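*Asks:* Okay, so the sequence shown: first residue is 5 according to the working numbering, each after it adds one.
The hints are simulated quantities; they were obtained by calculation from the structure and are not laboratory data.
Bear in mind the structure is a predicted one, so any value in this text is a computation, not a measurement.
Yeah, the Cβ is synthetic: ideal placement off N, Cα and C, and Gly gets one too.
Keep in mind that a hint or two might mislead.
Said to hold, decoys possible - Cross-link-like lysine to aspartate or glutamate pairs, in silico, DMTMM-like; alpha carbons within 20 Å at most:
1) K6 / D72
2) K6 / E33
3) K52 / D12
4) K52 / E81
5) K6 / D75
6) K6 / D59
7) K6 / D42
8) K24 / E81
9) K6 / E81
10) K24 / D66
11) K52 / D42
12) K24 / D72
13) K24 / D42
14) K6 / D27
15) K52 / D27
16) K52 / E31
17) K24 / D75
18) K24 / D59
19) K52 / D66
20) K6 / D60
21) K6 / E31
Unchecked claim - Here are the computed distance ranges between Cβ atoms for each label pair:
22) E81 / S36: 36 to 44 Å
23) E33 / R77: 27 to 35 Å
24) F15 / A62: 37 to 45 Å
25) R82 / F38: 31 to 39 Å
26) H76 / K6: 15 to 23 Å
27) R83 / P49: 25 to 33 Å
28) D42 / P80: 22 to 30 Å
29) D72 / V50: 16 to 24 Å
30) P49 / E81: 36 to 44 Å
31) D42 / R83: 35 to 43 Å
32) R82 / E31: 33 to 41 Å
33) A79 / P49: 12 to 20 Å
34) D60 / F15: 18 to 26 Å
35) D66 / F41: 17 to 25 Å
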Amino acid sequence: MKLIGMLDSPFVRRVAISAKLLDLPFEHEPLSVFRHFDRFRTVNPVVKAPTLVTDDGATLLDSSLIVDYLDHRVAPERRL
């Protein structure tokens, strides 16, 4: 999985912390929606952070939806 966005965003941080707490490996790509607009748009046409690219290539937006996705990748007793 690849988490895209700057960690100074509370929403990107929320996803990163959740993935760490769930012990899910991920790669972080620190793209800014402001400084790297065109590059960010190639990954996510909505240009919204955080963006999570899953291992199967799906693109997820919105921190709440991403955390829910991460939460359901672990056993029920490990969920947040």
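*Asks:* Of the hints stated earlier, which fail here?
*Replies:* 4, 9, 13, 15, 23, 24, 28, 32 and 33
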